[in-house]
Amino acid sequence: MKATILSILGAVVAMTMAVSASAGTLDDVRKRGHLQCGVNTGLPGFAAPDDKGVWRGFDIDYCRAVAAAVFGDASKLKFTHLTGKTRFTALRSREIDLLSRNTTWTFSRDVDLQLTFVGVNYYDGQGFMIPKKLGVNSAKKLDGASICIQTGTTTELNLSDFFRTNGMKYQPVPIETNAEARTNYLAERCDVYTTDASGLAATRAALDKPGDHVVLPEIVSKEPLGPLVRHGDDQWADIARWTLNAMVAAEEMGITSKNAKAMAKGTKNPEINRLLGKEKLQGREALGLSADWALNVISQVGNYGEVFEANLGPKTALGLQRGNNAQWKNGGLLYAPPFR
Amino acid sequence: MTEAGTNSGAYAPGQHPDLPPPKGSAGAAGWMRGNLFSSPFNTAVTILAAILLYELITSIAGWFVLDAVIDAGSKADCRQAGSGACWAVIKIRINQFTFGFYPADERWRPILAFVLMFAALAPLLFDKTPFRRQMIWFAVAYPFIAGWLIYGGFGLVIVDTQSYGGFMLTLIIGITGIAASLPIGILLALGRQSRLFSIRIICVSLIEFLRGVPLITLLFVASTMLNYFMPPGTSFNLLVRVLIMVTIFASAYIAEVVRGGLQAIPRGQYEAADAMGFTYWKTTRLITLPQALKISIPGIVNTFIALYKDTTLVVIIGLLDPLGIGRAVLADAKWNGLSTETYLFVALFFFFSCFAMSRYSLYLEKRLHTGH
Chain A
1 MKATILSILG AVVAMTMAVS ASAGTLDDVR KRGHLQCGVN TGLPGFAAPD DKGVWRGFDI
61 DYCRAVAAAV FGDASKLKFT HLTGKTRFTA LRSREIDLLS RNTTWTFSRD VDLQLTFVGV
121 NYYDGQGFMI PKKLGVNSAK KLDGASICIQ TGTTTELNLS DFFRTNGMKY QPVPIETNAE
181 ARTNYLAERC DVYTTDASGL AATRAALDKP GDHVVLPEIV SKEPLGPLVR HGDDQWADIA
241 RWTLNAMVAA EEMGITSKNA KAMAKGTKNP EINRLLGKEK LQGREALGLS ADWALNVISQ
301 VGNYGEVFEA NLGPKTALGL QRGNNAQWKN GGLLYAPPFR
Chain B
1001 MTEAGTNSGA YAPGQHPDLP PPKGSAGAAG WMRGNLFSSP FNTAVTILAA ILLYELITSI
1061 AGWFVLDAVI DAGSKADCRQ AGSGACWAVI KIRINQFTFG FYPADERWRP ILAFVLMFAA
1121 LAPLLFDKTP FRRQMIWFAV AYPFIAGWLI YGGFGLVIVD TQSYGGFMLT LIIGITGIAA
1181 SLPIGILLAL GRQSRLFSIR IICVSLIEFL RGVPLITLLF VASTMLNYFM PPGTSFNLLV
1241 RVLIMVTIFA SAYIAEVVRG GLQAIPRGQY EAADAMGFTY WKTTRLITLP QALKISIPGI
1301 VNTFIALYKD TTLVVIIGLL DPLGIGRAVL ADAKWNGLST ETYLFVALFF FFSCFAMSRY
1361 SLYLEKRLHT GH
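Protein chains in written order, with our numbering: chain A, 1 to 340; chain B, 1001 to 1372.
In case anyone wonders, no lab produced these hints; they're calculated from the structure. A couple of the hints might just be wrong.
[Claimed, not checked] Here are the simulated distance ranges between beta carbons: (1) 1070(B) / 31(A): 42 to 50 angstroms; (2) 280(A) / 1217(B): 53 to 61 angstroms; (3) 207(A) / 1053(B): 31 to 39 angstroms.
The structure displayed is predicted, hence computed values, not measured ones. Even glycine gets a Cβ: it sits at the ideal position worked out from N, Cα and C.
Only chain A is shown next, with the shape it has when bound in the complex (with noise of 0.2 angstroms):
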């Protein structure tokens, strides 16, 4: 037992130096043979464990999506669990490559902590949970309330925004964790819950009596929650950004996981062709890709509307329906620049 400090050291020095030259993020990728991916600990929906241990989820696809874009397989990928704490300093001290965490684009995390954002996988949006009893029926009727709210998330700056735009004062009960604030609020330790849309959905899915709870109609912020890697390395930052467009562009031109193979035989559609690598895509080998990465992306991973109906969409737990998330021509807010 006493040589348990000399066993760590030992094992130190053989299971933990792994230096590697830092060339580009690709190269290093393509060197260690998988993608490190930095998810969730644990979001109903986005990112979870299944009953045989594999993590499934909607930030979970985009990561595999990233390994079948770089390796041809997206099982090619591991994951560093990160709470909203460490997750940035994971990135930046280059402990993950990619960074898939519901995590919110905004001006001081693109600018300050120089990270890159490669574009917005979900448009959410912070709301309010409350039991209906109370009979409340706006957010602007809650002054004075106690309000569960997680710290270290946008949602917490958002809050007090929103309470000193309209002057009124709240009561905040810090948490840490969706499963700490869903007992904290059942327990009426706060009148109120506060988080993204997506989350008070599948914290309100989960409740013994659903319908004893409102989610009130005001949506006080906005949340593109997007994938991000670091400053400094436009190529890998331009694989993850195409990665997230293929998929989108994939739904809009009708390519699924199931017809992809078919389609990528050629078709008349010269934009369909030059994404699935039978017309030659300009600059292409400028990414570092293989001629058929966007369509081991589609037939392994799927479609955006494929890995959104899996995860998120009405047939799931969370029951959430397209609305921003709608291809732009269906009223949305995904438009996936061309593949031209």
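We have chain A; now place chain B onto it with these hints.
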């Protein structure tokens, strides 16, 4: 009285055998009459308490056992099958709670390491272990064997530390911290009392610094800051960083507990050792330290239990200890909302491990009691 009267002649004065106490004043009935029903007020209180206990026990047992559901595929199934606890979530996820995301095919390795741990601990904890002398060598080698079994290499598949989780992670952090902090803590305590100025200053400042900083701060330093000090491109395993931080944190506390023990030893003991011509190390090894450690046992075990429970703080830096696993399990839409069951299960695990530690400390105190 008549009976006693007739017998009185058969015994010499003072030789009459003791008669049984009057009926109803001894045994269970007597105890109850004396303690529970001695006055109308006490009787009322007793009956009230009995009713309350009955209600409490039946409702708790109902929730825990009678109405509980063990086999179900999701929370919704559970709620249909019974109104009590939904232990199905624990049953289905027991492997995740135990091993985290350690690959299923390799799980025999941590299990073997766990079993071998008892073989390694036995000669250290109990002095009647057969072949104790040989077994101690095994105990010295054990940490290397366990590290090799769990991590891999040299013929075994390497299992990345990021997949460690659950009770396995708690045991790795807790046991490493406990085993490594004791020797380091003793050295720090001796260093603090050293006559050499530089050693004393180093030990005092280290102890005071570590005791003045919360563990969670050190964990944040381990998880976020250390990587900035390393050369770019170097990645230093998070679990190892955490192990080092937990160990040095616990060492500072052990050092103070052992210092208390050292100071409780009468001055005469040191003087007697000096008079016998003992060197410093001989005095320490044979006279002062054994007595000091004996006095400090409750304090040391107290520190160990605190450290063991503090390992749950790693959840804040994203390691999946049992609480982290619980959080992840509850994030699965199928089980979302079963936090009572999940956290109770984790609490029971911690209770039983800490209880075992404190019982061992009591055993050790009794055995080493030399009565002065």
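In rising order, the numbers of the hints this structure does not comply with:
none
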